[in-house]
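Colleague: Read off the chains here:
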Amino acid sequence: AQTVTQSQPEMSVQEAETVTLSCTYDTSENNYYLFWYKQPPSRQMILVIRQEAYKQQNATENRFSVNFQKAAKSFSLKISDSQLGDTAMYFCAFMIGGTSYGKLTFGQGTILTVHP
Amino acid sequence: GAGVSQSPSNKVTEKGKDVELRCDPISGHTALYWYRQSLGQGLEFLIYFQGNSAPDKSGLPSDRFSAERTGGSVSTLTIQRTQQEDSAVYLCASSSNGPLEQYFGPGTRLTVT
Numbered sequence: 001a002q003t004v005t006q007s008q009p010e011m012s013v014q015e016a017e018t019v020t021l022s023c024t025y026d027t028s029e030n031n032y033y034l035f036w037y038k039q040p041p042s043r044q045m046i047l048v049i050r051q052e053a054y055k056q057q058n059a060t061e062n063r064f065s066v067n068f069q070k071a072a073k074s075f076s077l078k079i080s081d082s083q084l085g086d087t088a089m090y091f092c093a094f095m096i097g098g099t100s101y102g103k104l105t106f107g108q109g110t111i112l113t114v115h116p
Numbered sequence: 117g118a119g120v121s122q123s124p125s126n127k128v129t130e131k132g133k134d135v136e137l138r139c140d141p142i143s144g145h146t147a148l149y150w151y152r153q154s155l156g157q158g159l160e161f162l163i164y165f166q167g168n169s170a171p172d173k174s175g176l177p178s179d180r181f182s183a184e185r186t187g188g189s190v191s192t193l194t195i196q197r198t199q200q201e202d203s204a205v206y207l208c209a210s211s212s213n214g215p216l217e218q219y220f221g222p223g224t225r226l227t228v229t
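In order, the protein sequences belong to chains A and B. Numbering-wise, the numbering used here puts 88 at position 88 of the first sequence, and it's gapless, one number per residue. Numbering-wise, the numbering used here comes out as the position in the second sequence, counting from 1, plus 116.
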């Protein structure tokens, strides 16, 4: 079974600063995907970024980037130039690859507050 | 275009009653997923549909939970004889070309009193 652990229940950052959210996972699979989802107060989960385990290059999406350390089974999210709209709960998630469907296994979440 | 919609947005029910939660996926999306978000268990997978069939029901917590999907579109999650531990936000997601981009709805918050 796969597990995903987010050890930071809450984080805060000043607007325009940089913040890093931590995530570790455990799996015996070699083919898998990792995700960061954002859940604002509206409750709607939004995909922030995705990383394929077979890719060594870290994924980036505008102000969002990841630090993927496969050997350490670590997958952190860095948010640069934080904005008030980044305030949300962030979930790290895992999906086994090579299957026709995608069951997501989520971490416990980190509440991020961006202060003006 | 329209995203995933779920109804009702909020539902309060008495313990022992049955409830039905509805999910309308994005038009054309063949895959549909149900997840549950609760304080005690976090976010957990419940069931997956490909078309009208459900190849993976492994996440359904008990036989009080069932789900169906008709016409490859709308899905209904039914909880019979609700218990207080069923209180949670029930999220639905859909995807089209493979599972890597799941689009989530706003969820239904279920409160069992």
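Just so you know, not all the hints are guaranteed correct.
From chain A, some residues computed to sit far from chain B (all C-beta separations above 10 Å) [as the list claims (entries may be wrong)]:
hint: 1; residue: S42
hint: 2; residue: N62
hint: 3; residue: N67
hint: 4; residue: T105
Computed beta-carbon distance windows for the label pairs [claimed, not checked]:
hint: 5; chain 1: B; residue 1: G188; chain 2: A; residue 2: H115; range: 39 to 49 Å
hint: 6; chain 1: A; residue 1: N67; chain 2: B; residue 2: E184; range: 34 to 44 Å
hint: 7; chain 1: B; residue 1: E130; chain 2: A; residue 2: N58; range: 29 to 39 Å
hint: 8; chain 1: B; residue 1: G132; chain 2: A; residue 2: N62; range: 45 to 55 Å
hint: 9; chain 1: B; residue 1: D172; chain 2: A; residue 2: P116; range: 38 to 48 Å
hint: 10; chain 1: A; residue 1: K55; chain 2: B; residue 2: E130; range: 44 to 54 Å
hint: 11; chain 1: A; residue 1: S12; chain 2: B; residue 2: Q196; range: 34 to 44 Å
hint: 12; chain 1: A; residue 1: Q57; chain 2: B; residue 2: P171; range: 12 to 22 Å
hint: 13; chain 1: B; residue 1: G119; chain 2: A; residue 2: T5; range: 39 to 49 Å
hint: 14; chain 1: A; residue 1: T20; chain 2: B; residue 2: Q199; range: 19 to 29 Å
The set of hints was computed from the structure by calculation and includes no laboratory data. In this text, a Cβ means the ideal position worked out from N, Cα and C, and glycines have one as well.
Colleague: Test the statement that T105/A is away from the interface with chain B: the closest C-beta pair must be farther apart than 10 Å.
Modeller: Answer for T105/A: violated, closest chain B Cβ roughly 7 Å.
Colleague: Can you let me know if the beta-carbon spacing of K55/A and E130/B is within 44 to 54 Å?
Modeller: Holds, at about 50 Å.
Colleague: Cβ-Cβ distance between S12/A and Q196/B: within 34 to 44 Å?
Modeller: holds (42 Å)
Colleague: Should the hint that G132/B and N62/A are 45 to 55 Å apart at their CB atoms be regarded as holding?
Modeller: holds (49 Å)
Colleague: Verify the CB-CB distance for G119/B and T5/A against the hinted window 39 to 49 Å.
Modeller: With a Cβ separation near 30 Å, G119/B and T5/A fall outside 39 to 49 Å, so the hint is violated.
Colleague: In this structure, is the beta-carbon distance linking Q57/A and P171/B contained in 12 to 22 Å?
Modeller: Cβ of Q57/A to Cβ of P171/B: about 33 Å, so the range 12 to 22 Å is violated.
Colleague: Quick check: does the Cβ-Cβ distance between N67/A and E184/B fall within 34 to 44 Å?
Modeller: holds (42 Å)
Colleague: Is the hinted range of 29 to 39 Å satisfied by the C-beta distance from E130/B to N58/A?
Modeller: Cβ of E130/B to Cβ of N58/A: about 50 Å, so the range 29 to 39 Å is violated.
Colleague: In terms of Cβ atoms, is chain B entirely out of 10 Å range of N62/A?
Modeller: The claim stands: N62/A keeps its Cβ more than 10 Å from every Cβ of chain B (closest is about 17 Å).
Colleague: For S42/A, which was marked as not at the interface, is the minimum beta-carbon distance to chain B over 10 Å?
Modeller: violated (6 Å)
Colleague: Taking the CB of T20/A and the CB of Q199/B, does the distance hold inside 19 to 29 Å?
Modeller: Since T20/A and Q199/B have Cβ atoms about 39 Å apart, the given range 19 to 29 Å is violated.
Colleague: Test the statement that N67/A is away from the interface with chain B: the closest C-beta pair must be farther apart than 10 Å.
Modeller: Holds, since 20 Å exceeds 10 Å.
Checked against the numbered hints listed earlier, the structure breaks hints 1, 4, 7, 12, 13 and 14; every other hint is satisfied.
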